[in-house]
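Residue numbers (the numbering used here), protein chains in the order written: chain A, 2 to 255; chain B, 2 to 255.
There's no promise every hint is true.
Because identical chains cannot be distinguished in the list, a pair is counted as satisfied if it fits within a single copy or across any two copies.
Claimed, not checked - Straight-line distance between alpha carbons at most 30 Å, and here's what the computed DSSO-like set of lysine-lysine pairs gives: (1) Lys227 / Lys41; (2) Lys73 / Lys252; (3) Lys82 / Lys141; (4) Lys250 / Lys181.
It is worth saying that the hints were derived from the structure and are not from the lab. Bear in mind that the values here come from a model prediction, so they are computed numbers and not experimental data.
There are 2 protein chains.
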Amino acid sequence: MFNIVIIGTGNVSHHLCNAILNSKTLNLVQLFGRKKKLPKNFKQSISYCYNLKEIKKADFYIICVNDGAILKVSDELSLDKSSIVVHSSGSTNMDELSKHKNYGVLYPLQTFSKRKKTNFRDIPIIIEGSSNSVLNKIKKLSTLLSKKVVVCSSEQRTLIHISAVFTNNFSNFMNIIAEKILKSQNIDVDILNPLIKETADKLNYLSPSEAQTGPAIRNDEITIQKHLNLLKETKYFEVYNRLTEEIIKSKNEL
Amino acid sequence: MFNIVIIGTGNVSHHLCNAILNSKTLNLVQLFGRKKKLPKNFKQSISYCYNLKEIKKADFYIICVNDGAILKVSDELSLDKSSIVVHSSGSTNMDELSKHKNYGVLYPLQTFSKRKKTNFRDIPIIIEGSSNSVLNKIKKLSTLLSKKVVVCSSEQRTLIHISAVFTNNFSNFMNIIAEKILKSQNIDVDILNPLIKETADKLNYLSPSEAQTGPAIRNDEITIQKHLNLLKETKYFEVYNRLTEEIIKSKNEL
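With the hints as constraints, model all of the structure from the sequences given.
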């Protein structure tokens, strides 16, 4: 049984707390946040504190705060020598925690929103540890949370994070633009849902390169020109133009 | 019972033929293609011809060829006055078929690849007709193929097609880039699959704007800078930089 303290009350913390509460072999000792009250989206039975001096003893301290605040939070923490502190950030070097004896990283590779439940068991966890024995303990903890645990260096983790930005953040931004174009025409945005679903579903059968379709990959200049003409007065012209050029350029490498 | 001839042997034709063959109320009279033999991915029991003069009588002729070839194929067709000819293109004006008495559009809004099955009933069909009575017949046919049929003008249809390019082609290109970055590090590309799935799945619960996460929407300059530094020597730098700028710019409108 691992005893765990979570630091931070954002989206990652919210989903991680739920995963720990649902686990029979993990114990959420305490949640720490800056606010005076436990935010309402958390289970109200969680032991909460907002004063770092009141933080309880635990095997693991998982820092789930904005990347820019990790160093500051870490500096304020003073822990037992047997405890391990990890952060959950995709792009923060492990060494920001190096004032502690045992430290590492536990980065869950997923997009978290408060209003959408996730199954933590399906989420790959990318880990790193300050020593082999620390790494092994972080691996044990991660294996209790997820089916897929991957050991990586800080630089590799950042590259995984960058991949996630492309595959989630930028893809979703494409959906935002698509929705805005339809809304501007009073067309029901739901008609895109089967296409969005299929875009993801296809990748169970084909690689992204095999799944690529559309005017750019066909270098269909007539259609591309029609689209650019219709977009000319809009702020989407540049994104369409640039991504089309990139797809045409990359065609020979697919 | 509608009798249908399909013209063209690409991906749309492939999936449309299967949908018609699976329907009890539609009859695939013939498939026309330029090749001398019926391509192997089609059911070999289909009646096939490659000479336009041998084309049979039918209620509907559905042109599923590249946009650039629609006008030429249409010009070569001479049909009964009671027949209706439609094309299946997202961005081609209906009037390219205006040499015929009855014409229109039947555009299935989906991404088709030969190796991935689709359920045509779930695919929205965007239609247009040269007259009210023609439109009604196209609507009847479409309703037999799909649960969702939408009537649109040619310009609106092109805007729907543009939305589809963003939501599918450009999103999938983001997945290609993500995969290439991981491959360059010998990291198992499958670790992105849960994220790709969740990116689509989230939209059953949240709008794309609500679902947007990541460094750009948080305007997290430290992380963005780290990512740009790591991408500096790669061809992905520009796409990352441009899309991040666009997301930051659009932040106030989300």
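Taking the hints in turn, this is what the structure says about them:
{"no.": "1", "hint": "Lys227 / Lys41", "in the structure": "neither (50 Å within a copy, 33 Å between copies)"}
{"no.": "2", "hint": "Lys73 / Lys252", "in the structure": "between (46 Å within a copy, 27 Å between copies)"}
{"no.": "3", "hint": "Lys82 / Lys141", "in the structure": "within (19 Å within a copy, 74 Å between copies)"}
{"no.": "4", "hint": "Lys250 / Lys181", "in the structure": "both (27 Å within a copy, 15 Å between copies)"}
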